[in-house]
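Student: As they're listed, the protein sequences go chains A and B.
With the first letter of the first sequence counted as 1, position 279 gets the number 282 in the working numbering; the numbers rise by one all the way through.
With the first letter of the second sequence counted as 1, position 474 gets the number 477 in the working numbering; the numbers rise by one all the way through.
If you are wondering where the hints come from, they were derived from the structure by calculation, not from laboratory data.
Warning: the hint list may mix true and false statements.
To give an idea of the chain A side of the interface with chain B (calculated C-beta under 10 Å), a few residues [unchecked claim]:
{"hint": "1", "residue": "L81"}
{"hint": "2", "residue": "F82"}
{"hint": "3", "residue": "A105"}
{"hint": "4", "residue": "E316"}
{"hint": "5", "residue": "S318"}
{"hint": "6", "residue": "R323"}
{"hint": "7", "residue": "A365"}
{"hint": "8", "residue": "Q379"}
{"hint": "9", "residue": "R383"}
For each residue, glycine too, the CB sits at the ideal point set by N, CA and C.
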Amino acid sequence: MHQLTLAEIARALADKQFSSAELTQSLLARINQLDPQLNSFITVTEELALEQAKAADARRAAGENSPLLGAPIAHKDLFCTNGVLTSCGSKILTGFKAPYDATVVEKLKAAGTVTLGKLNMDEFAMGSANESSHYGPVKNPWDLTRVPGGSSGGSAAAVAARLLPAATGTDTGGSIRQPAALTNLTGIKPTYGRVSRWGMIAYASSLDQGGPLARTAEDCALLLGAMAGFDAKDSTSVDQPVDDYLAALAQPLAGLRIGLPKEYFGTGLDARIGEKVMAVVEELKKLGATVRDISLPNMQHAIPAYYVIAPAEASSNLSRFDGVRFGYRCENPKDLQDLYKRTRGEGFGAEVKRRIMVGTYALSAGYYDAYYIKAQQIRRLIKNDFVAAFKEVDVILGPTTPNLAWKLGEKNADPVSAYLEDIYTITANLAGIPGLSMPAGFIDGLPVGVQLLGNYFEEGRLLNVAHQYQQVSDWHKHAPKGF
Amino acid sequence: MQWETVIGLEIHAQLSTQSKIFSASATTFGAEPNTQASLVDLGMPGTLPVLNAEAVRMACQFGLAIDAEIPERNIFARKNYFYPDLPKGYQTSQMDHPIVGKGFLDITLEDGTVKRIGITRAHLEEDAGKSLHEDFHGMSGIDLNRAGTPLLEIVSEPDIRSAKEAVAYVKAIHALVRYLGICDGNMAEGSLRCDCNVSVRPKGQAEFGTRAEIKNVNSFRFIEKAINFEVQRQIELIEDGGKVVQETRLYDPNKDQTRSMRSKEEANDYRYFPCPDLLPVVIERSFLDELRAGLPELPPQKRERFESQFGLSSYDASVLSASRELADYFEVVEKTCGDAKLSANWVMGELSSLLNKDGLEIEQSPVSAEQLGGMILRIKDNTISGKIAKMVFEALAAGEGASADEIIEKKGLKQVTDSGAIEAMLDEVLAANAEQVEQYRASDEAKRGKMFGFFVGQAMKASKGKANPGQVNELLKKKLEG
Chain A
4 MHQLTLAEIA RALADKQFSS AELTQSLLAR INQLDPQLNS FITVTEELAL EQAKAADARR
64 AAGENSPLLG APIAHKDLFC TNGVLTSCGS KILTGFKAPY DATVVEKLKA AGTVTLGKLN
124 MDEFAMGSAN ESSHYGPVKN PWDLTRVPGG SSGGSAAAVA ARLLPAATGT DTGGSIRQPA
184 ALTNLTGIKP TYGRVSRWGM IAYASSLDQG GPLARTAEDC ALLLGAMAGF DAKDSTSVDQ
244 PVDDYLAALA QPLAGLRIGL PKEYFGTGLD ARIGEKVMAV VEELKKLGAT VRDISLPNMQ
304 HAIPAYYVIA PAEASSNLSR FDGVRFGYRC ENPKDLQDLY KRTRGEGFGA EVKRRIMVGT
364 YALSAGYYDA YYIKAQQIRR LIKNDFVAAF KEVDVILGPT TPNLAWKLGE KNADPVSAYL
424 EDIYTITANL AGIPGLSMPA GFIDGLPVGV QLLGNYFEEG RLLNVAHQYQ QVSDWHKHAP
484 KGF
Chain B
4 MQWETVIGLE IHAQLSTQSK IFSASATTFG AEPNTQASLV DLGMPGTLPV LNAEAVRMAC
64 QFGLAIDAEI PERNIFARKN YFYPDLPKGY QTSQMDHPIV GKGFLDITLE DGTVKRIGIT
124 RAHLEEDAGK SLHEDFHGMS GIDLNRAGTP LLEIVSEPDI RSAKEAVAYV KAIHALVRYL
184 GICDGNMAEG SLRCDCNVSV RPKGQAEFGT RAEIKNVNSF RFIEKAINFE VQRQIELIED
244 GGKVVQETRL YDPNKDQTRS MRSKEEANDY RYFPCPDLLP VVIERSFLDE LRAGLPELPP
304 QKRERFESQF GLSSYDASVL SASRELADYF EVVEKTCGDA KLSANWVMGE LSSLLNKDGL
364 EIEQSPVSAE QLGGMILRIK DNTISGKIAK MVFEALAAGE GASADEIIEK KGLKQVTDSG
424 AIEAMLDEVL AANAEQVEQY RASDEAKRGK MFGFFVGQAM KASKGKANPG QVNELLKKKL
484 EG
């Protein structure tokens, strides 16, 4: 049962091959058995999941037949879930049970999904290796000595290890796409404003977007269709109807114009990954796509701009974690300053502190223009590059990451080397466009991801291209040994 | 040395919206602590702000009323600092792109001259909560009911030159926001608070002196006293060879003095940046046109109309137009009796001292505008004299009758105008005072003038004030001379 995709589960549940309760039982047993190796879950909500599964079975017995009814998923632990711990992978949210559901959680609940629990992540979504979590690092099921990517590393590891068919994640600089690439999954970061951020604990508000991680583009389409949509509770959510992503999947690729940005294939890229990406391009050509070289000249500035904007917003977003109203509070504070200093000093991990300090510095009087304003100007230039490119091509294609999954602890001494792993993904967040990563093969037994970038609200097109590729390839069907 | 005072004011007006600026919680004053605080107001992780359109509308109305530029786009920014009653660790405010740009307000000074005060800007922001330091046994309590209440911060140019001008300006803003119905102006409840930036410079010097900011002064009287104290403090400091330091000060009404709260060096670096959770607000021209068309008559227009339509002095017109309620009251009185001058005199005289005595607002007046107008009508048609009118007015205030007519009737206060009756009464008075009559007749013109008043007094007393004073004068003169 655990090898089934969401779409296959939907058909099996509709055909009454098994019940949601049976499926949920079986996956919970699998999580109990296998997750200790991976550490992908922070909380397993066993009772709640069984209740939801039974409720879903009852709804189906009553004649309901929606595709996600009874389908098991889990949420990255920054989506607030009513009454269940939401930790953000941080000590500072110790014991924090939100009194409300995030819009994404609410929508997926309404669609009838069964929530198995909350998934591990880099603390406050800051990281590319899932090593900064207070709940310990997550291991990559393809090689337990390697990182699964981050920050949605728990989501990626759990889905890749077949502990569940799909999960939610969030992507601020690549946090869905990069772990998807490193664990052989398909994951999509939608257009900024497509998925509500209400109830999604903010890292960098102008960059954060929720999205699905699954094993196939079809499953991503299924899940994204239920997650997306305008939400009056999020002012940055866009009031535009959601496309029928499932319907878009079947469209033939004949005439599809693919752009290959030369900046994505330059120095820094593992040449073997470049070859895998070009092999995907060849397959897409066979499906009728045309390919041309393009340029995104401002990409070189993306990392510095991102590492000003994201920490700047984070330094402000994370101010509310002060020990006054919720979460961790230091023991016996002497006075207010002591309460603040020790609560935050003890509650936040090193990477979060590093980014809060960088962000605070960037916003300080006398530095604001040189850093924050300059970064926003770069952001505009990057956006303009994409706007120009999408006049020429429908989809931009390149590697998702410059390197394969690295060893746990390998980049701890040099945070900048980890920051550079985001080089191909962060431009989509800065521009607000959608981006998808899909499996493109293996090197030394480790997965390689290819990234597709689309114009605003062209999620359907990205899912379509990925789905068509997955009809002629089977990389996405490979499972890690032992799972 | 001659010193000149320079004052700029920042007024925080709490907008009277039903709900908060970024959440759906109610804004009612005085509720049980934390009963009007939603997830958003508590700064719960994952919550997001949604701008209240009503707050935007109110801010724009204010902008139109002060002839301000209202830019097409305004942007919310975060002002970052840590404080327990600031749940998110930042206040959502506006910095570089406020909703209301440059405008002005004309104020009338005590001598009747009109002075124009520039308004630099007005911006929207959320209020913080309250820290409660009593009853928590060495700890502090936090009440977040007020957190997220919409404020319009109105920043004046440093155009104000005295404490009295400052008070006149705050009163004018107070009147304006109440006219517009965008703020209840209740200073005791903190609906209108004022920060005063005060500096002094030698008269004739072009550049400004170093200023001190007195935070959160919450009554007209305190504004005047705080500024006067601060001006005196700064002058004495400089004259003693010291220097004013830029700092934030607090006014203590009990001691009538200001004291230092924090210096410029201790001031926070607020690290303002555009709030990424809110989109820029676009103000459409058509929206402003609609708002402009719906604006009520505002104090300056009303003042002018009172002068031209009713022939009131500019002082009377400005007093009567100072609040919408007072102006409305006056207009009803005038309409009822048809005499603007008498109406103005009664409203600004007897009525206003009655209200002052009991600490009442015009809306709480025990004498309605119709009642007062009806009474003035009886003065005009000689049914009662001005003196009797005061009695009638007091009776109305005491609720002794539904109308002046009823009271006049019930108490028999109707003026006697029958000359036969008056003459008979005067004969009695003169007979009772035969000695004084003798003296009068023996006196010269100058002395007679003085003595005449005595007879009038006696006559009015005898008639219990009801005899028509004009007739009494005339007939008395005849009889005494005769």
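Student: With reference to the structure, classify each hint as holding or not holding.
Tutor: Hints versus structure:
At about 8 Å, the closest approach between the beta carbon of A:L81 and any beta carbon in chain B falls short of 10 Å, and the interface hint on this residue holds. About 8 Å separates the beta-carbon of A:F82 from the nearest beta-carbon of chain B, less than 10 Å, and the hint is met. Interface restraint check for A:A105: the shortest CB-CB distance to chain B comes to about 6 Å, inside 10 Å, so the restraint holds. With its C-beta approaching chain B no nearer than about 6 Å, A:E316 sits inside the 10 Å limit, and its interface hint holds.
Here the hint on A:S318 is kept, as its CB sits about 8 Å from the closest CB of chain B, short of 10 Å. The beta carbon of A:R323 comes within 4 Å of a beta carbon in chain B, closer than 10 Å, and the hint placing it at the interface holds. Among the interface hints, the one on A:A365 holds; its C-beta lies about 9 Å from the nearest C-beta in chain B, closer than the 10 Å criterion. Interface restraint check for A:Q379: the shortest CB-CB distance to chain B comes to about 9 Å, inside 10 Å, so the restraint holds.
Proximity of A:R383 to chain B is violated relative to the hint, the smallest CB-CB distance being about 13 Å (cut-off 10 Å).
Hint check: a violation occurs at hint 9 only; the rest are consistent with the structure.
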